[in-house]
Each structure stands twice: as structure tokens, then as C-alpha cells.
Amino acid sequence: MRIAITGKGGSGKSTVAGALARHLARRGHKVVAVDADPNPNLGISLGVPRESVESMQPILNALLDSGYTHDQPRPPADDLLARYGLEAPEGIVLVATGKIERPSDACLCCGSHNTTREFFSELPADDRVVVADLEAGLNDLIWAHPGDGDVVLALAETSAKSVEIARRAIELAGQMGVRRIIGVANRTLTDDAAGEVADALGIETLRVPEDPAVLHADHLGVAAMDAEPTSPAMVAVGAIVDRILAG
Amino acid sequence: MAGDQTSAPRPERDPGPANASTAAEPPRPAGLRNDWVRSSLRRQQAIVDDLVQRAAATVGDEEACLTWLAARRQAASFRRHLATWTGRGFTDTAADLAAHRLALDGAMDRAGAVIADFDEATERSAHGRLGLRVAVMGKGGAGKTVISSTLARLLARRGRNVLAADLDTNPGMAFSLGLPPTEAGLPDEALEEHPGAAYGWQLNAGVTPREVVERHASVAPDGVRFLGLGKIGDATKTGPKRTVAAMVALLLGFGEPAWDVIGDLEAGPTTPFERYHAFSDHVVVVVGPAWRSAMTARRLLPMVGVGRTTTIVGNRFTDEPDHPGMAPRIRIPDDPDVAEAERLGLSPLDACPDSPVIEAVGHLADHLLPLEVPV
Numbered sequence: 006m007r008i009a010i011t012g013k014g015g016s017g018k019s020t021v022a023g024a025l026a027r028h029l030a031r032r033g034h035k036v037v038a039v040d041a042d043p044n045p046n047l048g049i050s051l052g053v054p055r056e057s058v059e060s061m062q063p064i065l066n067a068l069l070d071s072g073y074t075h076d077q078p079r080p081p082a083d084d085l086l087a088r089y090g091l092e093a094p095e096g097i098v099l100v101a102t103g104k105i106e107r108p109s110d111a112c113l114c115c116g117s118h119n120t121t122r123e124f125f126s127e128l129p130a131d132d133r134v135v136v137a138d139l140e141a142g143l144n145d146l147i148w149a150h151p152g153d154g155d156v157v158l159a160l161a162e163t164s165a166k167s168v169e170i171a172r173r174a175i176e177l178a179g180q181m182g183v184r185r186i187i188g189v190a191n192r193t194l195t196d197d198a199a200g201e202v203a204d205a206l207g208i209e210t211l212r213v214p215e216d217p218a219v220l221h222a223d224h225l226g227v228a229a230m231d232a233e234p235t236s237p238a239m240v241a242v243g244a245i246v247d248r249i250l251a252g
Numbered sequence: 010m011a012g013d014q015t016s017a018p019r020p021e022r023d024p025g026p027a028n029a030s031t032a033a034e035p036p037r038p039a040g041l042r043n044d045w046v047r048s049s050l051r052r053q054q055a056i057v058d059d060l061v062q063r064a065a066a067t068v069g070d071e072e073a074c075l076t077w078l079a080a081r082r083q084a085a086s087f088r089r090h091l092a093t094w095t096g097r098g099f100t101d102t103a104a105d106l107a108a109h110r111l112a113l114d115g116a117m118d119r120a121g122a123v124i125a126d127f128d129e130a131t132e133r134s135a136h137g138r139l140g141l142r143v144a145v146m147g148k149g150g151a152g153k154t155v156i157s158s159t160l161a162r163l164l165a166r167r168g169r170n171v172l173a174a175d176l177d178t179n180p181g182m183a184f185s186l187g188l189p190p191t192e193a194g195l196p197d198e199a200l201e202e203h204p205g206a207a208y209g210w211q212l213n214a215g216v217t218p219r220e221v222v223e224r225h226a227s228v229a230p231d232g233v234r235f236l237g238l239g240k241i242g243d244a245t246k247t248g249p250k251r252t253v254a255a256m257v258a259l260l261l262g263f264g265e266p267a268w269d270v271i272g273d274l275e276a277g278p279t280t281p282f283e284r285y286h287a288f289s290d291h292v293v294v295v296v297g298p299a300w301r302s303a304m305t306a307r308r309l310l311p312m313v314g315v316g317r318t319t320t321i322v323g324n325r326f327t328d329e330p331d332h333p334g335m336a337p338r339i340r341i342p343d344d345p346d347v348a349e350a351e352r353l354g355l356s357p358l359d360a361c362p363d364s365p366v367i368e369a370v371g372h373l374a375d376h377l378l379p380l381e382v383p384v
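In order, the protein sequence lines correspond to chains A and B. Residues 6 to 252 (the working numbering) make up the first sequence, in order. Residues 10 to 384 (the working numbering) make up the second sequence, in order.
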């Protein structure tokens, strides 16, 4: 199974993706967590130490450093996973697609984006669950190109901009043939506020409440699943996992 | 700029759905790319030359000084831009690069000599009217759009001409400026297809950046002019990406002496990497209290580039300590009224004009206006 998580910057994609992966792992699933953000930080929400998140070598950067060029065939997804995957808590394998931190001639088009696609679309369909934390906005969703059998989580917090981008993501995922699209009304203060987001999105939408425990963990740069696994937001992500697994 | 990273041909095996429209085409021959670089350099040169001519023809001490300053600033900006093409493997453009550098040196020397003839008070006064070129960066959700939009309107209220540019393919700046939600990007007539350009499109060679702004920029509250990248297309189209190269070139060539330009960049490191901020003299990096926000800022700072000032703005800190080595120059408080305006999709200036957030953005304007402009 493959789950793509999309939404506006700051809507909580990484926080939800990290907690989702941890809940899946606790339910006995083999999880591959793909950080497709060129500003990789999913590791934090998975419970990987901050230093490892800062120093981890994403696929694109590793390939470029080893002299990879556009013209060469890229190693298969599973080889890249074995080579560049980082062990995260609870048996999760974390891989980042590419990191940008200096101006260079590096090419995004065949680097992080195609690698994202490779991971999302080309890992053999087996007993693994791939959780992809996509780059903010809609572009990465187009590149990841989820399809028929995949799940797309469209995240929105309550701002009009955030809801609008989630709405477009839902529209786009529908055009790509995704049948299982679930809205997430993230950081909502009340059920009513979540209901408003759900109405605006026009699809089944689950609520993840605003949660001081998540904010606190975020300030420290640690995983809320480690700091306060029973906090309301973390429990709510568990419910999303149940909903996904129920089919 | 947007084209930098596409210097080599895309791999045929996996061009990606976003490039479906060009997927069937063979990889771009290097000659075409060189040709495009050369023509975009010529266009930049023409804008500098035009500004020098305007300066020479401008009457009135302060106006003339202002226009010469703008001409010199435009030349300096173009010279920085030239450096990004140097050593990038465009071998048959090396002679062109050198020729442009010589021409720019000549223009800058000439402008410098004229400016030196004005008395100090005139020069200082003209300097104060020279428009700002500000790019706003930060992690997603850091508050870039609220800050850049409010800054644009506050500058306009101070009597300045302001161009606000949404450089985010997930448009949000229109909301925060107080415009009805718009998906307007540059219209087709402002664009032309060019196989050497990033995403295959560029600014129409027949129009100048100034004309595009006059004709096509929306009028937002307080008289701010607004340009966006347009709506992202369906699953198989490049959507607003095709206007990116045009917009970056437009901002880079928008040399109007007394216009401020505020560019709101798409979240994260991709847009600074692609040098969407090539037009800017000043970069504002917005940082929130979360650790990730500081990590993002640490990744952004090396991409600001030489010749630009950097201002760190702390947004929505309450009682959290500053990030080590990243003390904000300006602090913008957390305000539930602004969060409510955001929920409703309104400009904070309309929804909560008395918010301390607006006062703090005013301090950012106070900080930016006297900053030295590299001329």
C-alpha cells in the first residue's frame, strides 16, 4: 500500500506522516517512510535524532556526489532503499529523496522529483506500506503521481489558503484516478471548525485537533510520538490509520 | 534563475508527468540553450541601456540623480546575475559574458561619475526614494505571505509605488493583500514559447517588464500592483511553472527607480536554489519558534548570495527562546486576530488593522527603507 500526504506548507504534513508511520509500524506493518521534501525533516517526526536528520544523505545528493549524471540509468528503487535507507524507530526505514542547501548545478528534475516518483510508484507492490511526505504544494503530487490503488491524504489547517490548496490537491488526485482520498482537518480547535474544513473539502475528512503537546515537541525538534504518544493529536492520527486499514 | 537547474537535457526515460507536453521531444541540443542564454542576456543589457538613456534625459536634480542611481543599481543587479551563468558550461557564450561585463562596467562607471556630481543632500534624498527589492523566504507556514503582503500595503500607504509578486505556485498572496481570490498569472500575450527557456516559456520579447506591470498587474488595496504565477494546471500540465521563467526575468528587469518590489517566494529551499530571488537586494528570512523552522532557515541562508542583505524576522514566538545564532532583527507577535483573518482569507490590514502584527511589520518597513542599496 502507498499513502501520499499532501498539503500547504505548515499544514502539518510531516507531523502527521511521522505519526502515521509509527502507528502503522506498531500495528505490525513494514513501513518505508519517504521524505520527498527538498527541505527534509520527516525524520524529526519519526523520532530520528536531530543530528542524524541534519546529516542524513538523501538519494539525490548521494548519487550526485558519486558522479551520477542524467544519462546514466538509475539503480532500481529497492537498491537505493537498501543503500540509503536510514533505520528509524520501530523498524521503519526512512529515505529522503533530495536536499537542497547550496546553490549548485544539481538538477532537481531528474533528482529529487524523479526519485520521488520512483519511490512512490516503482517500489514493488508487496507487504510494505510506503508513506510519502510530499513537498508543500501541488507540484510534488503531480510528480508522485499516485494512482488507482493508492491513498492520498489531503491536509488542511483552518486558514483559507490551506483549505484552498487541499481542495485543489483533492481535485488533482481525482484526475489522476486516485479513489481513496481522505481529507484531514489538522490543528482544529473544535469539531465545528473541523466540520467547516470538511464541508469546504467536500470529501470524507477526519479531524486532528490542535494539541499543545505537538507544538511543544515541535519547538524541541523531537517526535510527538515519543514525547507524548497518548496526546489527542497522536491518538487522532491512530484513528486515521485505522480508517485507512479498514479499506 | 529558474532555468539554472535545467542546464542539462532531461532524461528521456522519466521526464515526469509535469513535462508531458514536452516528453515526446528529444533532449534540448546545447546550442539552443546557449542561444536562449544569449538572448536573455541581451534583454537584460537592453534594460540597463534604456535606463541609462532615461537617466541622461531626466530633468531636475533629484529626479536625475534617482534615475542614475536606478541605472547603476540595475547594472549591479545584472552583473550579479551574470556571475550565475559563468562557469556553467555554456562555453560558446563565454565571449558574450565578457562583452556584457565590459558594457556593464562602462555603464556603472558613467553612472557613478554623474552621481558624484550631485551634492550630498540630493544624493541622500534620491537614495531614500530608490525602490526596495525585497524577497521573502522561509519554511511553509512560517508567515511569509502575511508579512510580505502587509509590508507591501504599508509601503504603499507611505506613498510609495509597490509591486507585489507572488512567486508561489500555491497562490496565497492575493488573499493577504485583500484581493478577491484570483488565479490570474501572466496572460498568454505576455509570454512566448522558447525551446531554450526553463519550462519552454519566457517573457515575450516584444514587451518590457514595465509594460507588463502597467498592462497586466492587478490593482490591490492601497494601490499595490499585484502579479501572480497563475493556477496550477491539471495533472498533465506544467501550469504556472511556465510563467516562472517569465516572472523571474520580469522582476530582474523591472528597473523602475521609485518602485518597491516585494516578492513572496514559495516555501522551502527550492525557489532560492532556482534563484527566484535574483531580483532582490534584501532578503527577509521568516523563522518561527519550531526547531524545523530554524533548520530550514539554516539551509536557506547560504543561498541568499553575495551582494544582498539578510534580515531575520521572528514570527509568532511567545515564550520560546531564540534559535541559537539566529536572533530575529524584527519580532512579529502571535495574534489570534491574524489567525482568524487567515481562516477567513482576509488581509490582516482589513480584518484587524490595530493588530500588533501590523505595527511590527511597520517596524520591518522602517528597518528595510534605510538599508544601503548596492549601487
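Some hints here could point you the wrong way.
[What the hints assert, rightly or not] Here chain A is said to cover these stretches of chain B; the calculated rule only asks that three of the stretch's residues, wherever they fall, bring their Cβ under 8 angstroms from a Cβ of chain A: (1) 170-182; (2) 297-310; (3) 313-326.
[As the list claims (entries may be wrong)] Beta-carbon label-pair distances, calculated as ranges: (4) ALA66/B x TYR73/A: 51 to 57 angstroms; (5) ASP343/B x ARG55/A: 21 to 27 angstroms; (6) GLU127/A x GLY334/B: 57 to 63 angstroms; (7) ALA92/B x ARG55/A: 30 to 36 angstroms; (8) ARG219/B x ASP131/A: 46 to 52 angstroms; (9) TYR73/A x GLY316/B: 30 to 36 angstroms.
FYI, nobody ran anything at the bench for these hints, they're computed from the structure. Cβ atoms here follow ideal geometry from the backbone N, Cα and C, with glycine treated the same way.
Status of each hint after checking the structure:
1. 170-182: holds (count 4)
2. 297-310: holds (count 7)
3. 313-326: violated (count 1)
4. ALA66/B x TYR73/A: 51 to 57 angstroms: Given about 54 angstroms between the Cβ atoms, the range holds.
5. ASP343/B x ARG55/A: 21 to 27 angstroms: 24 angstroms, holds
6. GLU127/A x GLY334/B: 57 to 63 angstroms: 41 angstroms, violated
7. ALA92/B x ARG55/A: 30 to 36 angstroms: Cβ of ALA92/B to Cβ of ARG55/A: about 35 angstroms, so the range 30 to 36 angstroms holds.
8. ARG219/B x ASP131/A: 46 to 52 angstroms: Violated: the Cβ-Cβ distance is about 58 angstroms, outside 46 to 52 angstroms.
9. TYR73/A x GLY316/B: 30 to 36 angstroms: Given a distance of about 32 angstroms, which is inside 30 to 36 angstroms, the answer is holds.
When the structure is compared with the earlier hints, violations turn up for hints 3, 6 and 8 and for no others.
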